[in-house]
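Undergrad: One-letter residues, chain by chain:
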Amino acid sequence: MRFDTVIIGGGLAGLVSGISLQQAGQQTAIISTGQNALHFFSGSFESMQEVPKRTLDLFAGAGIRVHYSPGVRLTPLGTFREAALSLEDTSLFPTPRFADKILIVSFAGYLDFFTSFLAEGLEKQGMSCRICVLNLPELEKLEQGPSEVRSVQIARTMDRIWEKVVQEIRALLRDEDTVILPQVFGLQDISVPGRIRQGVPARVVFAGTMPPSVPGIRTQMLLKQRLRVLGGTYLMGDEATRANIVDGKVHSIVTRNLGSHCLEADNFILATGSYFSKGLKTNPFSIFEPVFGLDVEYDEDRNRWYDPAFANDQPYMNYGVRTDAALHGLHKGKPIGNLFVAGSILGNTRPDLGSGAGLAIRSAQVAVDQILSL
Amino acid sequence: MKLQEYTESRHNFEECMKCTVCTAYCPVLQVNPLYPGPKQAGPDGERLRLKDPWFFNYALKYCMNCKRCEVACPSGVRVADLIQSARIRYDHTKPKLRDRILASTDLMGKLTRPVAPVVNGVTGLKIAKSAMDAMLKIDHRRTFPKYSGRSFEAWLRSHEKEQAAFPEQVAYFHGCYVNYNHPDLGKDLVKVLNALGVGVQLLDHEKCCGIAMITNGMSEQATRHAVHNIAVLKKAVVDKGLTVVTTSSSCTLTLREEYPNLLGVDNSAVHDSLLMATRYIYERLEAGAKFRFRTDFHKKIAYHVPCHMERLGWSIFSERLLRMIPGVEFTLLDSACCGIAGTYGFKKENYEASQAVGEPLFEQIRSVNPDIVACDCETCKWQIEMSAGYSVINPISILAQALAE
Amino acid sequence: MTTKDFDVIILGGGITGAGTQRDCAMRGLRTLLIERSDIATGATGRNHGLLHSGARYAVNDAESAEECIRENMILRKIASHCIDETDGLFITLPEDDLAYQQTFVEACRKAGINAEIIDPKLAVRLDPAVNPALTGAVRVPDGSVDPFRLCAANMLDAKLHDGQVRLHTEVTGFIREGDTILGVRTRNLQTGETEEFRAPVTVNACGIWGHHIASLAGVNIGMYPAKGALLVFSHRVNQMVINRCRKPSNADILVPGDTVCIIGTTSTHIPFEECDNVAVTPDEVNLLITEGSKLAPSLSSTRILRAYAGVRPLVSADDDPTGRNISRGIVCLDHEKRDGLKGFITITGGKLMTYRLMAEMATDVVCRKLNVNKTCETAHTPLPGSEERSYEQVARRIWEKPSMAQKAAASRMGTSVSRIGKLDRYDNALVCECEEVSVGEVNDAIERMEVSSLTDLRRRTRIGMGTCQGEFCACRAAGLLAKARNCVEKERSDLADFLQERWKGNFPIGWGDTLREAEYTQWIYKHVLGL
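Chains as they are written, first to last, in numbering that gives the first Met the number 0: chain A, 0 to 373; chain B, 0 to 404; chain C, 0 to 530.
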C-alpha cells in the first residue's frame, strides 16, 4: 500500500505530523502499537512557553479546547509545576495561591485521587480546605468488582450522572470560592467539564489523578478523529518490524500485521517514543533503535545510565536517536534522506526543541515542514 | 544469544508495565464490573497462577475473547491469549451440553441440512425458544441463524470443472457459516474472483476452525480440528502452491493466530498464505487487475470492523475496496464491539451483558442510518440485524452486487 | 509505655531477636524487644528465603546439616503459613563430577535427610524449568520461607504473651554497674526521645551489628561481615528449589518464593562501615545471571525484578580478630562465663531457618540466669496464622467464593486472615494490583503491626514487591498511611524514600522491561504527580 508519508508511532508527535500533512493534501498512514502515551497525560503541555499559531489552529480544528496562560498547574500530589499551555479543563494559575477557601470533592472508595495530599499542599500556600466524599449508588457497583477502580471507569459513569454530582456539590457548598474535582469528567462527552463549571456557583478546578488520564484519552481520541475526518489512516495495534532501505533511502516498511504487504511512501517519520513504548530498546550492553537501526546517542558504560538517586535527573532519559539539523535520522553517521525523527525518541539530543509535549509538537512540525518543502 | 540480550515469556506477560490501558478498553468490564478485567485476569493473574493454580479465577469465562485488550496494549502483551490459555490450562470444568451444541457447528450443520426448512421454522417459534431457554439456557431473545438446504461445498463441487478452467487459482476456506447457513456469500466470492480471472477450489475436506470449541472448554477437540486443518491447508499451500482465502474474520484469526498461540499447533508452513479475501483482492487490484462496476449502484454503507478484524489489522483492505465502488457513500463506524462474541451472546447468563456492550454501536448505526452495514463477521451480522434492525452484508457480497454484469 | 523494668531485654528485631522474644514471653518472662530500624531489615530481610533441608551442608558440616533438617521439620508444623513446601533438587551438570552425588546422598542419609536419587528425566517432568542437560538429580525436602512473615508472626506471638516492642529505637549505651549490665540507654530515631530500660538480662541478637553492640557493652566478638548478593526474577520460573550437586559455591541455588524466584548467592568480605549500605556490583550481577542460567536456562531470558544484598553475621571461631577462622554455626555466648560480664549474652551466627533453635538456646541461658524453670514450647506451638496448614481451606471457610485479593491475603496471612474477613466493600479495593493487596489488608497491618513507613508496610504485605515496584500502589498506600497517622507532610518524604529504596534495587539490573518500568515510574511521579 502506498502513501505520501508513513508515520511510525501514533502518539502526540505522530498525530500532529499526520494531521498537518493530511491538511496539506498528503495521504498519510500512522502505525501504532496499542494506545499512546497521551493516556498518561498530565493535562498541560510541557515545554510550550511559546505556542505557534499553527499549533493552536491544529488543536482548534480537532475540537480540543486549550488555553494559554503561563503560570503553574496544580499536580495530583498538591504541588505546583510550571506550565503555559494546557487543556481547558486543566487549570493554570498565575501563582500557587489561587483561592481562599476550597472544597475538595471526591468519591467514596476512589483511591487514585489524593485528597489529603492536595489539601496539605494547598494549605501550605495559605488556602483553607475542606474535603467532602460523595457516596453515589451508581459507583457502588463499580466498587464491588474485584478489579481496580480507575479514572476511566468512573468517567464513563460520570458522563451519565454529572448533573447529579453538580447538585450534590451545590448542596455541600458553604462559603468556598473554589471547588476541586478529580479529572474524571468528559471522556466521551467533551462538553461535560464546561457544563459542570456552569452549574457550580464557584470556580471549578479539575485536579489530576493517577493515570489513565481522562483528559489525555479524550485529547488523543479527538486527534485521531481529526486525522480520520481529513482522510488519514490510523493502523491501530500494529508494529513496524523492519525497514527496506534502497540506495540510502527508505523504500518501505514491514509491519507485524500486514506482513508481506509492505507500506511504501515517499517519506517516513519515526515517532515511536522512548523506552516505555519501545522506540528505544535496551539490553545489558546496548541501547538501540529497533526499526531502522538508527544511531543512538548513549553512554557505552551501562553504569553511567543511571543516577543512584531516584529524584535526580536520570542520564538514560536523555539518550535519544541522533539526527542532523533537519531531523533526518542518522545511520552509521549518514542521514537517511527521507526519514525524519520526531518526539521523545529524540531524548535530549535536541535541547533546542525542548522536552515532553513541546518536543513532540515542535519536532513534528520541523519534520512536516521538511517534507512539504521537498 | 548473550545472556539477557532479550527476554521471553508466555504471551509476553513480562512486558506488562501495569499501565492498565487494556482494562480501560475492555468491553466486558464496562458492563460487568464483577469481571476482573484483562490486566488482573491476564498478566497479574499469571504471576499468581504460577505461584499456585488455586489462584485461577473462574470468572475468566466472562472474557469474550474480543482481543481488544491486545490491540490496546502499548507493550505488545497478548493479554487475551493469556486469559484464554489460562482457561485451557486450569479450567477443567466439563462443558455443558448447551456449550457443546453451540460449539459444534460442523455437527449441527450436517444434522440440520436435510431438515433445514423445518429447523428454520422451529427455531423461529416462540415456544421452541422458550423451551431452549428453560432447558439449555439459550436466551429466548436471541434469534437463530437460518440453515440452508444445500451446502456451499455441494454447490462449488457442482461447478468444479468450470472453476478449474480459470488461469489462476485460489483455495477457499469457507467455514461453517458459508457452508451451512449462507452459501450465497461463497457464491459471491466465486463471482468476484472469477471477475478477476481467478478460479476457486475447495480444500480437501476442511473442518470447522474450532474457535467456539476453544472458548467453550473443548480445546482437545479444537486441537484435533487444528491438526486436521493444517494438514489440509498444507496440501493446498505447499503441494499446490495456492493462496487460501477466507471470508470470515474470526476463522482467519483462529487459523493464523489461535492455532499456534493457544493450541500449540504449528502453522508456519501456511500462515503467510492464509488471507482474507478482501486483502487478496486488494492486492490483485494493486498489481493491476481491474473491476468493472455498475453505474447504478448507489448505497449508503456504514462499515463495522469486527473485533477479530481489528486484531488482524486488515480492516483497511475491506474499507478500501468498499470506497472504490462508485456511488457508495462510505462511513467508517467507530471501532466498537457488537457484543455477541460468537456463542457467548447466545448464553442466557451473558445475554444482557452482550446487549449492553453492543448498544453504543447500535446507537451509532441508527444515527448514521445507512442502507447497508458492511461487516466481515457472520456473528456480528446476526447481532446487528437482530439488535439494530439494519441489513448487514459482507464486503465481498457488496462487491459482487456492485459488479457490472 | 509505662513499664521500664523487664525480665529480659532483647536487642535486634531480626528473626533471632523476634524468635527469642517469643520463646521468653511464652515462658512467662516480661520481655522488651528493641530494634534500631524496622523488623527484618538486617540479614533476615535480605537472604535467600530458603528453607534448607540441610543437604547443602551434609558433606562438610554434618552437625549443621542435622540441625537444619530437624528445624526444617519443626518449622513446617509451626510456621506453615510462612512456608512453601516446594521440595528441592540437587542437580549434577555435565561439567560436574557425578561421583560426588553418591558422597552427597550418603552424607544426607547419615544426617537424617531424606535424599532420593531420581532419574534426570523425572526431574525435568517435576520441574520443567530445570536444565535439561542435567546428568543426575537428587530430591530433598528443601522449601522456601518468607522471612518477613516469619519474623512478624514471632513478634506478634510475643506481643500476645505481653511482650513489648520498640522499633526505630537505637541503643546508645549500656547501663553498667561494675561488671554487670543492668539495662540500656536508647534514643528514639523518629522522635529524638531518650529513654532507659532495665532488665537483669540483655540479649544481643543484632546480627552483624552485634559486633558494635558488644563493644558498647565492653566486650569484643570477632565478626566477619560477609556480603551476599542476590537477584529476584519477575515471576516464579521454577517450582522446586534447584541446587547444584557439588561443593557449595557461588550462585548455585535458585529458590521459588511467593510470586518470584531468587538466585543467589555470593560471599565477599566487606568492612563494617559498609554494612548499612550494601550495594550489588555489576560483576556480581553477571555472576548471578551466568551461574543461575546453568540451573534453569530460561533465566537468561527472564525479566529481572531487582538486585539486593545482605550481610551474614559470621563469627570468628576462636576470637581471632582477623576473622579468618569462620564458624557458620550457631554461636551462643554467655558473656559472664566468657568475659566476666554479668547480665549479657549474645546469640548470633546460624541461619534464618535455625532461628528457633537459636532462640531456644538463648532463652535457656536467660532462664537459667533468672532461675526460671520452664520448658521451651516453641517447637510444638503454631505461630499466629499457622494454626491451619491449608490457606485454601481457610479462605473458603471465610468467604465461600474468595476473590483474588482475598485468596492472596489468605496465602499471606494464614488463619489470621479472619481479621479482615467481613469488611465493607471499600476495604476490598486494591492498593497493590501486582500482588493483590487490598485496603483491608493494608489497614490491618497499619493498625496491628507497627507500621511507620511505606517500606515497613511493604515488608508486612508485599506492597511494591511486584513487577511495577511501587509505581501505582505507593501513592495509594501513602494516602492510607497519611490518613491513619494524620500526617501528610511526613508521608510525602516517605513516598520519596520508598521510591528511592525500590530504585536502589532496580538500577543494577536496569535494562529491558525493568528500565521501561523505571522510566514509566519517573514519568508518572515527576511529571504527572509532581513529587
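It should be emphasised that the hints constitute simulated quantities derived from the structure, not laboratory data.
Just so it is clear, CB atoms sit at the ideal spot from N, CA and C, and this is done for glycine as well.
One thing to keep in mind: the hints can contain errors.
One side of the interface only, derived from the structure: several residues of chain B facing chain C at Cβ under 10 angstroms [unchecked claim]:
hint, residue
1, Met-16
2, Pro-42
3, Leu-49
4, Arg-293
Undergrad: Compare the structure with the hints numbered earlier in the document and write down the numbers of the violated ones, lowest to highest.
TA: 4
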